[in-house]
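Asker: Chains as they are written, first to last, in my numbering: chain A, 18 to 328; chain B, 883 to 1120.
For the record, the hints were derived by calculation from the structure and aren't laboratory data. Only a predicted model underlies this, so the values are computations on that prediction, with no experimental measurement involved. Do not take every clue at face value.
[Said to hold, decoys possible] With the C-beta cut set under 7 Å, the calculated list includes, among others, these residues of chain A facing chain B: (1) Q93; (2) E100; (3) S151.
Built from N, CA and C at the ideal position, the CB exists for glycine as well.
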Amino acid sequence: MQDHKNKIDPNSEVETTGHQWDDDEGYPLKEFNNPLPKWWLYTFYATIIWAIVYWVLYPAWPLPNGNTEGMLGWTQKKQLAEEIRVAKEAQKPFDNKLASLSLEEINKDNSLLQYAISGGKAIFGDNCAPCHGSGGVGSKAHGFPTLVDDDWIFGGTLADINETVQNGRTGAMPAHLESADGAFTQAQVNDLAEYVLSISNQSHDAVKAGRGDTLFHGEASCNACHGDNGRGSLKDTFDGERLDKATGAPNLTDAVWLYGGSRETITQTIARGRTGKMPAWGEGFEGFGRQLDPLSIKQVVLYVHSLGGGQ
Amino acid sequence: MKHATIEKSIPLMSILTLLMVMVGGLVEIVPLFLIESTIENVSGVRPYTPLELKGRDIYIREGCYNCHSQMIRPFRDEAERYGHYSLAAESKYDHPFQWGSKRTGPDLARVGGKYSSLWHQEHMRNPRNLVPESVMPSYSWLEKDALDYADVGDRMSALSMVGVPYTENQIKNAIADLEAQATPDSDTEAIMSRYDEKIPLDNFDGNPKKITELDALVAYLQVLGTMVDFSSQQAKAQ
Chain A
18 MQDHKNKIDP NSEVETTGHQ WDDDEGYPLK EFNNPLPKWW LYTFYATIIW AIVYWVLYPA
78 WPLPNGNTEG MLGWTQKKQL AEEIRVAKEA QKPFDNKLAS LSLEEINKDN SLLQYAISGG
138 KAIFGDNCAP CHGSGGVGSK AHGFPTLVDD DWIFGGTLAD INETVQNGRT GAMPAHLESA
198 DGAFTQAQVN DLAEYVLSIS NQSHDAVKAG RGDTLFHGEA SCNACHGDNG RGSLKDTFDG
258 ERLDKATGAP NLTDAVWLYG GSRETITQTI ARGRTGKMPA WGEGFEGFGR QLDPLSIKQV
318 VLYVHSLGGG Q
Chain B
883 MKHATIEKSI PLMSILTLLM VMVGGLVEIV PLFLIESTIE NVSGVRPYTP LELKGRDIYI
943 REGCYNCHSQ MIRPFRDEAE RYGHYSLAAE SKYDHPFQWG SKRTGPDLAR VGGKYSSLWH
1003 QEHMRNPRNL VPESVMPSYS WLEKDALDYA DVGDRMSALS MVGVPYTENQ IKNAIADLEA
1063 QATPDSDTEA IMSRYDEKIP LDNFDGNPKK ITELDALVAY LQVLGTMVDF SSQQAKAQ
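The shape of chain A in the complex, shown without the other chains (with noise of 0.2 Å):
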C-alpha cells in the first residue's frame, strides 16, 4: 500500500484518497474520495436535529434521580389515563342510559342493546368463560350448564338470570346411597336411575324402573323437587301446586343433561348428590374474590339472554 496525497484519478477525474493497492500490473486499485450523496448527509443531520430536539421536548436522559422530563410532560402513563378517560367519556351517554333503564328496556332499544352486548360479551369472557367456556356452551364433565340453548334451570328470563348472576345459585341435590350419608341402598338407587332411564326415553330394565317410580313418587320423594312428571321445577307440578323455580331442579324428561345421561353418571348422581355452585357477583357478596358492578351485571345479563335461549 502506498501513500499519494489527494491525487486526481486520471480516467474519472475523481480525486483519491491517495489509498492504491495492487498496481504491479498497471491497473491499481484505489479508493476514491466520493463525497457523501447530499439528499444522505442533509438526512443525517436532520435526524441529528431531531434527537436535539426529542430531548428537550420527552423524557430523555437518565440523572442521578430519575431522568430529565422534557417540556411537554409526556409520559406513558399519562396518556394511558388520558385514552381511558376520553373512552370512558365516548361511553358515558350510553352508560348513562344502560344505568336508569331497566333490562326490559333496555332489551326493546337496539343500538343499546347492542351496546351492553358487546360490553357483555367482554366481561363473560373475562369472568364467566372459566366455567362456562367461551361463548357459553358450558362443560359437562364438571357440571357447568350450557347457556347457549333454551332449556334452563333456573329461568331464562332477565329477570331470572339477573337473579342467578347476582346472588348465585347453589344445586341442592343430596347424596341418597347409604355410604354417602343418604337413607337408601345401591339396589334402590339403581332402581332409580332405570326409572330416570325410562322417563328420558333411554333403553332401560322395566322392572327395576317400576320399583324405582315407587320410590321416586314416594319414599325417596324425588317428585317434591322435580316434580310429579319429572319435568323439572321450572315446568312441574308436585300435588297439584306450581313448584318454586328457585329449587333449579332440573327436568330430567329430555335429552339435556347438566352432567351427563348415562346410566354411569345419573347412577353417580343420585347416590352422590350434585351441589354445583354459581357464585353471586353482585354487591355485597365475596364468595368469589371478586364482584361485577352493576352496570357490568347488566351487560352480562343481556348478553347471556341473548345467545339464544333468552325467554
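Position chain B relative to chain A; hints supplied.
Answerer: Coordinates of chain B only, in the frame set by chain A:
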C-alpha cells in the same frame, strides 16, 4: 484534528476509541446503579414460596415464555383486558424476568386468582376442553409426574446470592413449607408466618395424595400479579 492524523497514530486512535466506548458503556451501566429509584416503592411483593419457585422452574423448563409474556404495558387495551399495568417492583425477585411482548397466548402477569385450580387442572390436561379455539399444547404429564423438590433449598440459597431476600429460616424450612402449601388441610401456620397471610393454599392438582409438577405450576400461576394490592391508594399513586 484531521482524520488522517488519527488514522495514522495507533496510540491516539486507541485512546480515542477507548473514550468512545466508555461513553457507550456509561449510558448503559449508569442506569443500573440508579435502579433503586426506578423500582416503585409498593408493599406486598415477596420472594416466591418454595412451591411457587419450583412451579416457576417448570414454567421455564416447558418454555411457557415462548408464547406467554408477563408484562402488561401501559396501553388502554391491555389495561382493560389484563388489569393494572405491570410495575417494575412486581418482578424484582424474578431471575430471569418474564417480560416480553410476543403473545401467542395471553399475558399471564395477573393470571393469579383469575381461574380456579380446577380450571387449571382441566386446562393443562387439554386446553381445548375449556377454550375450543386454543392452540396451546396439552401438558397432561404434569399431573402424573411427582415433583422433585429435594433441591429447592439449594435453589433458594442460589437466588439469595443474587439479591432475593430469603431468610435463613425460609431456606432451612423449604421442604416443609413446600409440602404444607400443597396440602391445605395440614398445619399452614408456619409457612404463612414465614411468607404471607394470603399465599395461595390449595390441592393445586386436585390430587391430595401426591405432590406433582402440576401442584407447583398451578401454585405459581395462582400467585402471579396478586402480591400488590392495587385497591390501596399507595399502589394507585404509582
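Asker: Does the structure break any of the earlier hints, and which numbers would those be?
Answerer: none
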